[in-house]
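Q: Residues per chain are reported as follows:
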Amino acid sequence: KAGVTQTPRYLIKTRGQQVTLSCSPISGHRSVSWYQQTPGQGLQFLFEYFSETQRNKGNFPGRFSGRQFSNSRSEMNVSTLELGDSALYLCASTLGRGVNTEAFFGQGTRLTVV
Amino acid sequence: GENVEQHPSTLSVQEGDSAVIKCTYSDSASNYFPWYKQELGKGPQLIIDIRSNVGEKKDQRIAVTLNKTAKHFSLHITETQPEDSAVYFCAASTGNTPLVFGKGTRLSVIA
Chain A
1 KAGVTQTPRY LIKTRGQQVT LSCSPISGHR SVSWYQQTPG QGLQFLFEYF SETQRNKGNF
61 PGRFSGRQFS NSRSEMNVST LELGDSALYL CASTLGRGVN TEAFFGQGTR LTVV
Chain B
1 GENVEQHPST LSVQEGDSAV IKCTYSDSAS NYFPWYKQEL GKGPQLIIDI RSNVGEKKDQ
61 RIAVTLNKTA KHFSLHITET QPEDSAVYFC AASTGNTPLV FGKGTRLSVI A
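So the protein sequences, as listed, match chains A and B.
Okay, so the first sequence: first residue is 1 according to this note's numbering, each after it adds one.
Okay, so the second sequence: first residue is 1 according to this note's numbering, each after it adds one.
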């Protein structure tokens with residue numbers, strides 16, 4: 001069974017640009033969560049999607065947005081990039097929600113803003 | 001909201017020794033406590049988890065203990081090997097809320 005796939009693996013963008021990251025969850029998994037990982041702040045929750053609806057949102061500015069498609073694939077978008085957005089963005093998929101099912105992470109997308 | 005504290009931030013042990021990483025959480029409603037291992041250039045990998053109705057769980061050289069009264073849980077790795085070197089994260093969740101992670105522990109196993 002294929003794991004969580006994130007594309008692209010690496011991105012370099014300029015301040016002010018926007019970026020879209022993609023996540024394909026494990027087949028059959030319906031919940032996708034996004035996290036930002038930085039050396040200083042660790043893993044910080046961005047948002048969670050289940051059945052194409054945002055279920056939870058972390059404490060990030062409105063420049064960070066996401067969506068989920070009917071096949072459970074998810075994208076996140078960051079507009080007007082800032083230097084501080086440089087981070088590893090991780091996607092995790094779970095079978096469902098409401099029960100504490102295991103979360104499986106992808107390898108992440110390393111975003112560098114210059 | 002939930003807050004998870006993890007200690008120590010770095011840990012060096014000799015190969016064959018045991019390693020212990022401790023976490024505390026703040027929300028008494030949390031009932032799911034996974035541990036993740038992250039190797040360089042990879043995403044976090046779930047290595048073991050424990051739920052609030054269980055006090056201890058073992059899987060070969062890895063064990064996790066949970067004390068709900070004190071709101072802390074620990075990861076124990078016995079007979080450490082060089083391939084155990086990685087960053088370990090604890091996390092807590094109440095079920096419908098996202099996982100809240102500790103800041104991580106960088107474990108180095110010295111051969």
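Since the hints were derived computationally from the structure, they do not count as laboratory data.
Think of the CB as a built atom: it goes at the ideal place given N, C-alpha and C, for glycine as much as any other residue.
Misleading hints may appear alongside valid ones.
To be verified - Listed below are the simulated DSS-like cross-link pairs for lysine-lysine, each with C-alpha atoms no more than 30 angstroms apart in a straight line: (1) A/K13 to B/K42; (2) B/K68 to A/K13; (3) A/K13 to B/K22; (4) A/K13 to B/K103; (5) A/K57 to B/K58; (6) B/K37 to B/K103; (7) A/K13 to B/K71; (8) B/K103 to A/K57; (9) A/K57 to B/K42.
Claimed, not checked - So the derived list for chain A, only partly shown, Cβ under 8 angstroms to chain B, looks like this: (10) A2; (11) H29; (12) S33; (13) E48; (14) P61; (15) G62; (16) F64; (17) L90; (18) E102; (19) G106; (20) L111.
Q: Look at each hint and say if it fits the structure.
A: The hints, checked one at a time:
1. A/K13 to B/K42: holds (21 angstroms)
2. B/K68 to A/K13: violated (45 angstroms)
3. A/K13 to B/K22: violated (38 angstroms)
4. A/K13 to B/K103: Cα-Cα ~27 angstroms, so holds.
5. A/K57 to B/K58: Given that 30 angstroms is the threshold and the Cα spacing comes to 33 angstroms, the pair is violated.
6. B/K37 to B/K103: Holds - the C-alpha atoms of B/K103 and B/K37 are around 12 angstroms apart, at most 30 angstroms.
7. A/K13 to B/K71: violated (42 angstroms)
8. B/K103 to A/K57: The hint holds at about 20 angstroms.
9. A/K57 to B/K42: holds (24 angstroms)
10. A2: violated (14 angstroms)
11. H29: violated (14 angstroms)
12. S33: holds (6 angstroms)
13. E48: holds (6 angstroms)
14. P61: Interface hint status for A/P61: violated (18 angstroms vs cutoff 8 angstroms).
15. G62: violated (19 angstroms)
16. F64: A/F64 check fails; min Cβ-Cβ to chain B is 14 angstroms, beyond 8 angstroms.
17. L90: holds (6 angstroms)
18. E102: holds (5 angstroms)
19. G106: holds (5 angstroms)
20. L111: violated (14 angstroms)
Hint check: violations occur at hints 2, 3, 5, 7, 10, 11, 14, 15, 16, 20; the rest are consistent with the structure.
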